[in-house]
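Trainee: One letter stands for each residue in the lines below.
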Amino acid sequence: MDKNTEQKIAQGLQKGNRQAWLQLYEAYAEPVWRNISRLAGGDPATVADLVQETFLAAARSARNFRPGRGTLWVWLLTIARRQVALYYRKQKPQIVLNQARQWWAGLDGEKFDWIDAKADMPPDILESQELAVLVRLALSELPGDYQTLLLAKYVDNRQAEEIAEQIDCSETAVRSKLARARKAFRKAFTRLIS
Amino acid sequence: MNDKKTDKRISSIMSSVDRGTNEPDKQFLEKLRERSASEFVVHSAHGNKKLVKTINISKWRTIMKSRITKIAAAAVIIIGVIIGIHHSGGSIDPASVALARATEAMKRVDWIHIKIPPEEQIWIEEWINYDLQIHIRKYADDKIVFENYEAKTEDNELGLEYVYDPKTNSISINPSSGRIVEVPFLWQEQLDYFAKIQPVTAISSYKSRLKGRNIVIYTVLRNSRLSEVVVDEKTDLPVLRNSKVLDKNGNVIGQDSAIFEYPHEGPVTIYDVGAPKSAKVFNYYSGNIANILEDSANKLRMLGVSIMMYGNDNGDTCPDILRELDGYIDNLPWYLDNIEYFGKEKSLMDPGTPIAYDKTLLLKNGQMTNILFSDGHVKFTNIKDYIQ
Numbered sequence: 001m002d003k004n005t006e007q008k009i010a011q012g013l014q015k016g017n018r019q020a021w022l023q024l025y026e027a028y029a030e031p032v033w034r035n036i037s038r039l040a041g042g043d044p045a046t047v048a049d050l051v052q053e054t055f056l057a058a059a060r061s062a063r064n065f066r067p068g069r070g071t072l073w074v075w076l077l078t079i080a081r082r083q084v085a086l087y088y089r090k091q092k093p094q095i096v097l098n099q100a101r102q103w104w105a106g107l108d109g110e111k112f113d114w115i116d117a118k119a120d121m122p123p124d125i126l127e128s129q130e131l132a133v134l135v136r137l138a139l140s141e142l143p144g145d146y147q148t149l150l151l152a153k154y155v156d157n158r159q160a161e162e163i164a165e166q167i168d169c170s171e172t173a174v175r176s177k178l179a180r181a182r183k184a185f186r187k188a189f190t191r192l193i194s
Numbered sequence: 001m002n003d004k005k006t007d008k009r010i011s012s013i014m015s016s017v018d019r020g021t022n023e024p025d026k027q028f029l030e031k032l033r034e035r036s037a038s039e040f041v042v043h044s045a046h047g048n049k050k051l052v053k054t055i056n057i058s059k060w061r062t063i064m065k066s067r068i069t070k071i072a073a074a075a076v077i078i079i080g081v082i083i084g085i086h087h088s089g090g091s092i093d094p095a096s097v098a099l100a101r102a103t104e105a106m107k108r109v110d111w112i113h114i115k116i117p118p119e120e121q122i123w124i125e126e127w128i129n130y131d132l133q134i135h136i137r138k139y140a141d142d143k144i145v146f147e148n149y150e151a152k153t154e155d156n157e158l159g160l161e162y163v164y165d166p167k168t169n170s171i172s173i174n175p176s177s178g179r180i181v182e183v184p185f186l187w188q189e190q191l192d193y194f195a196k197i198q199p200v201t202a203i204s205s206y207k208s209r210l211k212g213r214n215i216v217i218y219t220v221l222r223n224s225r226l227s228e229v230v231v232d233e234k235t236d237l238p239v240l241r242n243s244k245v246l247d248k249n250g251n252v253i254g255q256d257s258a259i260f261e262y263p264h265e266g267p268v269t270i271y272d273v274g275a276p277k278s279a280k281v282f283n284y285y286s287g288n289i290a291n292i293l294e295d296s297a298n299k300l301r302m303l304g305v306s307i308m309m310y311g312n313d314n315g316d317t318c319p320d321i322l323r324e325l326d327g328y329i330d331n332l333p334w335y336l337d338n339i340e341y342f343g344k345e346k347s348l349m350d351p352g353t354p355i356a357y358d359k360t361l362l363l364k365n366g367q368m369t370n371i372l373f374s375d376g377h378v379k380f381t382n383i384k385d386y387i388q
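Chains as they are written, first to last, in the working numbering: chain F, 1 to 194; chain E, 1 to 388.
I should point out that these hints are in silico values taken from the structure, not numbers from a laboratory. Take the hints with a grain of salt, since some may be wrong.
Heads up, simulated DSS-like pairs for lysine-lysine below, C-alpha to C-alpha not over 25 angstroms straight-line [claimed, not checked]:
1. F:K118 - E:K107
2. F:K118 - E:K280
3. E:K4 - F:K187
4. E:K384 - F:K187
5. E:K234 - F:K183
6. F:K183 - F:K111
7. E:K115 - E:K211
8. F:K183 - E:K4
9. E:K207 - E:K248
10. E:K143 - E:K359
11. E:K207 - E:K280
12. E:K143 - E:K8
13. E:K248 - F:K183
Predicted model, so just to flag it, every value in this text is computed and none were measured.
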């Protein structure tokens with residue numbers, strides 16, 4: 001979304017303009033769905049619930065949106081992330097986590113090199129649901145901006161320039177934050193499996 | 001390191017989150033479109049009962065704007081990118097090639113030692129040894145961060161980070177959070193100046209002599225900044241850099257510089273860089289202390305989730321006092337006794353705002369403790385960096 005449109009929508013939201021809300025919704029409903037689906041897993045009913053909670057919470061607080069605090073996308077993701085965190089709190093993912101931990105412990109190979117991206121992870125491990133669980137939980141422990149950056153860069157394969165525009169900061173800041181986000185992810189992942 | 005390969009590997013791991021996910025349910029989204037629009041209109045018409053107040057710019061924001069952060073930000077730009085983006089009129093500019101060559105040459109020496117004159121600088125000295133995997137940064141206030149990536153133990157695969165804090169005369173030992181830098185920070189900063197952030201006005205290079213050595217001086221003028229790098233022609237190593245900020249009449253209104261040395265010997269402990277032997281040592285990575293820290297972090301994460309639940313019911317604001325979390329969190333009395341909470345009037349819509357810390361750790365560790373942020377993440381850090 002270009003800055004002009006973003007600004008117009010933000011102004012519209014502050015005035016309570018329904019059209020502005022619909023424009024926001026059209027632009028971000030599907031991307032929000034995809035992000036929530038990645039963070040909470042693939043059960044469509046759960047994802048639908050979380051998407052609904054996200055947009056209803058956003059609708060309730062949209063009038064207070066302040067562009068100075070970040071873009072509309074970042075704002076929506078902050079709300080979505082909170083809904084996912086609440087979901088995890090209710091679900092108590094300890095059982096799933098324990099299963100994934102056991103699975104990880106039973107694997108052979110240079111596991112730390114895989115996490116450090118020093119060696120390729122075998123395809124059958126990359127395809128496993130347990131890895132998806134561990135990655136999701138590790139991501140869920142990171143600050144929201146790290147989560148957003150890692151998903152944008154490594155799952156959506158966006159360039160730093162595009163991400164910079166999306167979250168309204170410089171390309172240098174994106175690269176710097178990405179380096180820190182990778183470190184934080186590695187740390188969170190290591191903590192989960194140990 | 002082959003960054004493309006690394007990116008590809010990280011990407012393949014991260015993409016596992018797409019496993020089993022489903023495409024957006026368009027029918028559902030269509031219904032939600034109308035429902036959310038009605039919700040929006042109703043709430044906009046009534047306004048919000050609890051208005052979110054503006055928060056003063058706190059210290060962490062100031063830190064994000066600091067010179068150190070800028071240097072760290074610059075540090076992630078890789079040389080390949082630098083070379084790649086310096087096309088000027090169809091050819092790669094010579095200064096960028098020289099800087100890239102210099103960076104590669106720096107990896108072949110025993111020690112890199114970079115010094116910045118201390119006037120108005122926060123970060124004044126950096127040491128790197130790629131063979132020993134040691135990276136040291138020294139600050140103008142005498143703080144030292146010494147990272148030894150080879151110091152691996154049974155518990156820790158990543159090496160150790162030693163931080164000397166002159167204010168408390170203490171050294172904390174933590175697990176290191178990464179691997180050795182590809183490019184020295186204080187050199188990367190120069191690369192960043194040369195990078196294509198603003199259009200190049202002029203590039204020039206000329207040969208000269210300095211203390212009996214043949215040198216090449218590269219000069220780049222970018223808007224109001226004049227950057228010079230002096231490179232030893234024989235070794236390709238940088239020996240000096242200088243940046244000047246000019247006003248519109250060409251007068252120098254600010255400058256900084258750095259000196260580069262390549263000694264055969266360097267500091268191999270934090271004491272060799274100036275930390276006093278009298279400093280108290282706190283080891284945070286091993287045994288019991290690590291467990292205490294993890295336990296504290298888990299409790300704070302729980303608190304974070306409870307505050308999010310509270311915010312969800314109360315217009316995205318944090319509770320004024322912890323007692324308001326009654327019903328949202330188990331074992332509230334423990335939190336009342338042991339947590340310093342300062343989330344009053346803070347909004348959950350401002351991610352990264354510190355809202356609470358664990359007081360019990362402070363008793364054991366001086367200035368270091370776990371801090372909870374409004375987006376739910378917890379960081380073990382020096383409290384003075386965040387809370388005044």
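Trainee: So, for every hint listed, does it hold in this structure?
Mentor: We went through each hint and held it up to the structure:
With a C-alpha separation of about 19 angstroms, the suggested pair K118 (chain F) and K107 (chain E) falls inside the 25 angstroms cut-off, and the hint holds. As the CA atoms of K118 (chain F) and K280 (chain E) are separated by approximately 36 angstroms, the hinted pair breaks the 25 angstroms bound. For a cut-off of 25 angstroms, the pair hint linking K4 (chain E) to K187 (chain F) stands: about 22 angstroms separates their Cα positions. Between K384 (chain E) and K187 (chain F) the CA atoms are separated by roughly 24 angstroms; this keeps the pair inside 25 angstroms, and the hint holds.
With a C-alpha separation of about 37 angstroms, the suggested pair K234 (chain E) and K183 (chain F) falls outside the 25 angstroms cut-off, and the hint is violated. In summary, the hint linking K183 (chain F) to K111 (chain F) is supported, as the alpha carbons are separated by about 16 angstroms, within the 25 angstroms threshold. Of the pairs offered as hints, the one joining K115 (chain E) and K211 (chain E) holds, with about 18 angstroms between alpha carbons and a cut-off of 25 angstroms not exceeded. The hinted pair formed by K183 (chain F) and K4 (chain E) meets the criterion: a straight-line CA distance of about 17 angstroms does not exceed 25 angstroms.
As the CA atoms of K207 (chain E) and K248 (chain E) are separated by approximately 28 angstroms, the hinted pair breaks the 25 angstroms bound. Restraint check for K143 (chain E) and K359 (chain E): satisfied, since their Cα atoms lie roughly 24 angstroms apart, inside the 25 angstroms limit. The hinted pair formed by K207 (chain E) and K280 (chain E) fails the criterion: a straight-line CA distance of about 51 angstroms is larger than 25 angstroms. Between the alpha carbons of K143 (chain E) and K8 (chain E) the distance comes to roughly 37 angstroms, so the proposed pair goes past 25 angstroms and is violated.
Restraint check for K248 (chain E) and K183 (chain F): the C-alpha separation of about 42 angstroms exceeds 25 angstroms, so the hint is violated.
In summary, the numbered hints that this structure violates are 2, 5, 9, 11, 12, 13.
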